[in-house]
Amino acid sequence: MIVKIEVKLKPGHFDPEGDVTAKSLRDLGFKVEEVKVSKVYTLNLLSGNAEEAVNQAKDMCKKLLANPTKDNFTVEVLGLEKADNKKS
Amino acid sequence: MIVKIEVKLKPGHFDPEGDVTAKSLRDLGFKVEEVKVSKVYTLNLLSGNAEEAVNQAKDMCKKLLANPTKDNFTVEVLGLEKADNKKS
Amino acid sequence: MKLCDAKACVLRVGGTNCDAEIKWVLEDLGLSTDILHMNQAIKKDLADYQMLVFPGGFSYGDYVRAGAIWSREILTKLKKDLEIFIDEGKLVLGICNGFQVLVEIGILPGDGENVSGIPTAVLANNISAKYECRWVNLKVESDRIPFFGLLKKGQALQIPIGHGEGRFILQSEDALTELIKNNQVVLRYISPDCAAAEGKYPNNPNGAVYDIAGICNRKGNVMGMMPHPERAYFGWQLPSWGKELPKFGDGKAIFESAVNYIKKY
Amino acid sequence: MKKQIIKKVNARISLRMIDLKAADDRELKEISSVMGLALSLDEMKALKGHFSTMPTDVELQTFGQTWSEHCIHKTFKGDISTEKGTIKNIFKNFIAKATKEMNKPWCFSVFEDNAGLVDFDKGYVIAAKVETHNHPSAVEPFGGAATGTGGVIRDILGVWGEPIACSDVLCFGPLDTDYKDLIGGVKHPKYIYKGVIAGIGAYGNNMGLPTVNGAILFDKSYTGNVVVYCGCYGMLPKDLYINKTQEGDLAVLAGGKTGRDGIHGVTFASADLSEEADEQRSAVQIPNPLVEERLRRATLRLRDSRLCTGITDLGGGGISCATGEMAYRSGLGLGVNLSVVHLKEKDLAPWEIWVSESQERMLYSISPDRLEDAMEIFKEEEVEACILGRFNKTGKLTVIIQNVIVCDLDLNFLYSPPTVMRFASLVETQIKKCDLPEPNNLEDELLTLLADPNIRSREGVIRTYDHEVRACTAIKPLQGSESGPNDAAVLKPLKDSWMGIVISCGINPFLQDPYWMAASSIDEAVRNNVAVGGRRIAILDNFVWGNPEHKDRMSSLLRAVQACYDFAVALDVPFISGKDSLYNESPLGPVRPTLLITGIGMIPDIRRAITAELRREGNPIFLLGTTKEELSGSAYLRSKSAEGGDCPTVDGVLSKSTMDALTLAIDKGLVASCHDLSDGGLGIAASEMVISSKVGMHIDLTKVHSQTRRSDFVLFSESNSRFLVEVEEKGAKEFAGIFKGLPACIIGETTKENALSFEDLKGKNYGVNATQLRLTWRGY
Ligand SMILES: Nc1ncnc2c1ncn2[C@@H]1O[C@H](COP(=O)(O)OP(=O)(O)O)[C@@H](O)[C@H]1O
Ligand SMILES: [Mg+2]
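If you read the sequences in order, they're chains A, H, B and C.
If you're matching positions, the first sequence starts at 976 in our numbering and goes up one per residue.
If you're matching positions, the second sequence starts at 976 in our numbering and goes up one per residue.
If you're matching positions, the third sequence starts at 1391 in our numbering and goes up one per residue.
If you're matching positions, the fourth sequence starts at 2 in our numbering and goes up one per residue.
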């Protein structure tokens, strides 16, 4: 089961990387107000059951990937295919 | 317009961060094969038009956010609402 | 040019941190050196300088990618001046983060003159995914560039590295062949007994393709390298003093070559 | 609590007033707890008595911060009741007293400022400070450790020092702890270990500061209480040191924005860790080294252009403590306008802005006519700065926000908290006898110890810290072509001087007698320093203890402090700075009493520094010091899960003479290499020297000047004040002469073969080649 976990700063938390990125984009001529940066982990869980996969992923966030002090996370099941093959 | 840009390693590129994350997760007792890490920039573009926003975002990737040697990117328009309010 | 008329400029922005050491060694060699913040540099004329150094550090916190933000700032603020500088055959040296900046801005490897802002290579995360601080062994691959005037092709050097993103990679095999053919690969990682590192850790500390530690532009007046020669300048900086403490380290020849080039220029 | 006690008075700026007069004792306690003040009933009563009108929440929070254990060191300055009478102010009467009695002319500033200052060469002084950041690191390892480093770097900036190096000493629970043994929100040591190390590395590396010295320890008692010591060392020209804030000067706040992160960090640090650790997250600050890097540049430029009259860092207590301290130490008052502070988020209550511990901020006092120049520097360095207020003669701390006065306090009262009373017993620790059968293969024992988590190589950690940046690290944490261990780091900070700074540490929490534990830590810190050629050593103390309101914790603290006085004086090493962190308790129990001693020495010429790398074959090996049957708490006994035995003691006079003689021998050029004996004793020290080298060593245990008949005890005793020295063959006579009357004897020689061989007391021979030693020690 391919699962996608996004770990992002909680609302209200100041995002220094986003801040610097926004400034650089503006320097390059883009009109952008605010940028938030988050991290996405795409992983293949052995579990074949979506619900179980989500629970496992949430547990991973709690134990390693997210920091309750500053991060929120979201979990999404992408299905059984390989993540790499998805294109926008 | 809220736009979400995901910058990820091209297929076949070795992902050290993902590799280490996978190892740590396995240490914690999770059964996981491979982890891929990518970065997501969520930004608010002044443009009110989705197509234009996507074009702008792609241009940002070319000019700053992605390095063509190693990165692919995908762009997604989240609509007009604030990204922070989205929950899983 | 008489050395007393020549000047080097070490650029910096928030997050840069190896500027003082570089000034120290350049001035030790008699080359007067200014350290300029970008905010000061845009008010000055780069034409007053014979050498430009992009030092190590974590410019802008290495956000987005190592060197990316600073490189775009140069693009928007110093593009013209820098192109002229390189075109005139003056020296540009990028060390560590400075190398990352030169790659991100598209000067290296490139054709050497184009400040395009579109990189054709990258210094990616070390294979170990860790920051690595260690002394590495290097082989000089070209002695025809201004920075290596005092070195011989095939010579081994010992210089330390300190980086988390130093794995040099190119877009294709062809790009690598091209780079080698044009003699643009100037430094490669080797083992302590001078055998090829063949990508193996820790001799190749980051997994760079073809064990590349440093490259130059076609003309050879722009060089980028991951190791820090300014940390291997004096003998007392070496990790092992052996039976007798040497006066200087291997890094000295690189700076001295540059200074000699400026004298002749 | 009766609703009326806490009253909202101003919804627009969310200000509340607290009716202390109407509160009874129970309610006073409740106020303290609801508002997160962590003040005791006595302290609340003192406040009740002080205020004639209702204090605001901003005012009460100011007391919560300023009167906290972290800011004012209540326990160290309080009264201790013992069976032999009351002992007052152990800080002044033991720690500071030692320094005062020694009265060293080279101590430029001690205990006064953010960091201790001692003379160096060419008109420069060295600044040194070590801090702890334990609670935050337990809750959020990466951020906690990173901000620990960030904070101590600002302590150096806060005395106008240019930071030049960092150090870190870390104590974790065993990495192989079973998940089942973790209760009450305690995080797994592995998670904490990775996070803390990444945090220290990230901050130091990003700041371009080499992390050059440290230690890592593992013990069960640290599972719930990780201990994170962060040190920073800096340099400044003496004549640029200034701290003379004048009336009329402006208070300028610069650096990062102020947010809700790190609210109540101070009161948090002064209370036990509870099971709701994750709920205490707002107390953990968020690191941003990029901002600190700019702040450093700006601060040093302000210093060099002499634009300021005073400086202090914002650490515990945020703006409230920094402004109060700066005004109080200059005998002035200050009016603060909180409306100008740059915020990370809107809708912060005044008290939150006031006590927030957001990182990377500094406070300066600047005369109005230099303001413009100063602001120009902030602008060029891209540092946000605002004018908080103006110093006046009132002796009061006044705060307004949006034209409302929210705080008006008398500084004298604020800085005269009630004295606390603690209880301790002076009864000495009893340690039982040790009955360990003698092993039959010493090689197995040696290899087991070499691989012990507390002894094995730290290369995997050290290499993730940049220790070469700034290009002034002469003796590195991993030395030689074989990356062997070192006793101390040597830095060469000035271009035009060969003089070096020597940084070392000593820590022995496994010794059960707190008195000898402290004595051993001091001896070790000094020993490590002397081993590389350091001298004129100053030391820093950092206490990490459990809740001092318990008698047993307080008793061991008292014993340790007594040893601090005794052995600082005996070894002639003054304390110049330090810190205590108490209340290190978790649901798993209290932390082991842990005292870190950091040594700051100097060496006249770094080219004469000594390392542990053996130089050449055929040189005699001397063992300095006496080997006693002192194995209590030793790595050897612990590896066998055995206890008891005698605690290593220190003979101050002998230790000092030995070290002085060694320094003399080094200066005469007689010493080829040297290593101090500590964890694992002679066996480990000898192995480490071979590991570092291209040659080998042979030693004969019968030649060791010892008071034990067992080979394993000779090999693994952890008696203090001992060194293993390779002496240049032609200088052996002269060397022996220098040590006349002192315990020093030749126990072997260096050999051509890269191996360690030794003969035990029964004549049995052992030999281990260096490849195997390295494999065992490094794990690869
Ligand atoms: N237990 C202690 N031992 C030695 N020095 C101490 C101790 N506690 C505080 N000091 C010293 O007193 C001075 C002021 O301490 P403190 O206010 O805690 O500093 P800061 O808040 O900057 O950390 C510092 O120089 C500090 O080193
Ligand atoms: Mg302080």
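A few of these clues could be false.
Claimed, not checked - Looking from chain H toward chain B, a few residues come up when the C-beta cut is under 7 Å (computed): (1) I977; (2) R1001; (3) G1004; (4) E1008; (5) L1039; (6) N1042; (7) T1044.
What the hints assert, rightly or not - Derived lysine-lysine pairs resembling DSBU-like cross-links, with alpha carbons at most 35 Å apart: (8) A:K985 <-> H:K985; (9) H:K979 <-> C:K347; (10) C:K695 <-> A:K985; (11) B:K1633 <-> C:K734; (12) B:K1397 <-> C:K123; (13) B:K1637 <-> C:K496; (14) H:K998 <-> C:K221; (15) C:K496 <-> C:K552; (16) H:K979 <-> A:K1006; (17) C:K380 <-> B:K1470; (18) A:K1037 <-> C:K191; (19) C:K258 <-> A:K1006; (20) H:K1037 <-> B:K1433; (21) C:K552 <-> C:K181; (22) A:K1006 <-> H:K1006; (23) C:K191 <-> C:K85; (24) A:K1033 <-> C:K30; (25) H:K1037 <-> B:K1633; (26) A:K998 <-> H:K1006; (27) C:K181 <-> B:K1520; (28) C:K188 <-> C:K30; (29) A:K998 <-> B:K1433; (30) B:K1633 <-> C:K731; (31) B:K1633 <-> A:K998; (32) C:K394 <-> C:K8; (33) C:K496 <-> B:K1433; (34) B:K1590 <-> H:K1038; (35) A:K979 <-> H:K1038; (36) B:K1543 <-> C:K629; (37) B:K1520 <-> C:K394; (38) C:K731 <-> H:K979; (39) H:K1014 <-> C:K258; (40) B:K1633 <-> A:K1014.
What the hints contain is simulated information worked out from the structure, not anything from laboratory work.
Glycine residues also receive a C-beta, built at the ideal position from the N, C-alpha and C atoms.
Against the 35 Å threshold, does the CA-CA distance of K979 (chain H) and K347 (chain C) hold or violate the hint?
holds, 25 Å
query: Does the alpha-carbon distance linking K1014 (chain H) and K258 (chain C) stay inside the 35 Å limit?
result: Holds. K1014 (chain H) to K258 (chain C) sits at ~25 Å (cutoff 35 Å).
- Quickly compare the C-alpha distance for K394 (chain C) and K8 (chain C) to 35 Å and report which way the hint goes. Holds. K394 (chain C) to K8 (chain C) sits at ~32 Å (cutoff 35 Å).
Review point. Going straight from one Cα to the other, do K1633 (chain B) and K731 (chain C) come out at no more than 35 Å?
Key: holds, 15 Å
K258 (chain C) and K1006 (chain A) were given as a pair; does the straight-line alpha-carbon distance stay at or below 35 Å?
With a Cα-Cα distance of about 24 Å, the restraint between K258 (chain C) and K1006 (chain A) holds, given a limit of 35 Å.
- prompt: CA of K1633 (chain B) to CA of K1014 (chain A), is that 35 Å or under?
  reply: Violated - the C-alpha atoms of K1014 (chain A) and K1633 (chain B) are around 51 Å apart, more than 35 Å.
When you check the alpha-carbon spacing of K985 (chain A) and K985 (chain H), does it fall within 35 Å?
Cα-Cα ~29 Å, so holds.
Subject >> Straight-line alpha-carbon gap K1590 (chain B) to K1038 (chain H), limit 35 Å >> reply: holds, 34 Å
Notebook entry, point to check: Does the alpha-carbon distance linking K731 (chain C) and K979 (chain H) stay inside the 35 Å limit?
Noted result: violated, 74 Å
K496 (chain C) paired with K1433 (chain B) [C-alpha distance capped at 35 Å]: holds, 30 Å
* Asked: Can we keep the I977 (chain H) interface hint, with Cβ of chain B closer than 7 Å?
  -> violated, 19 Å
request  = Please work out if K695 (chain C) and K985 (chain A) have their alpha carbons no farther apart than 35 Å.
outcome  = violated, 54 Å
The earlier numbered hints that this structure contradicts are 1, 2, 3, 4, 10, 15, 22, 23, 24, 25, 26, 31, 36, 37, 38 and 40.
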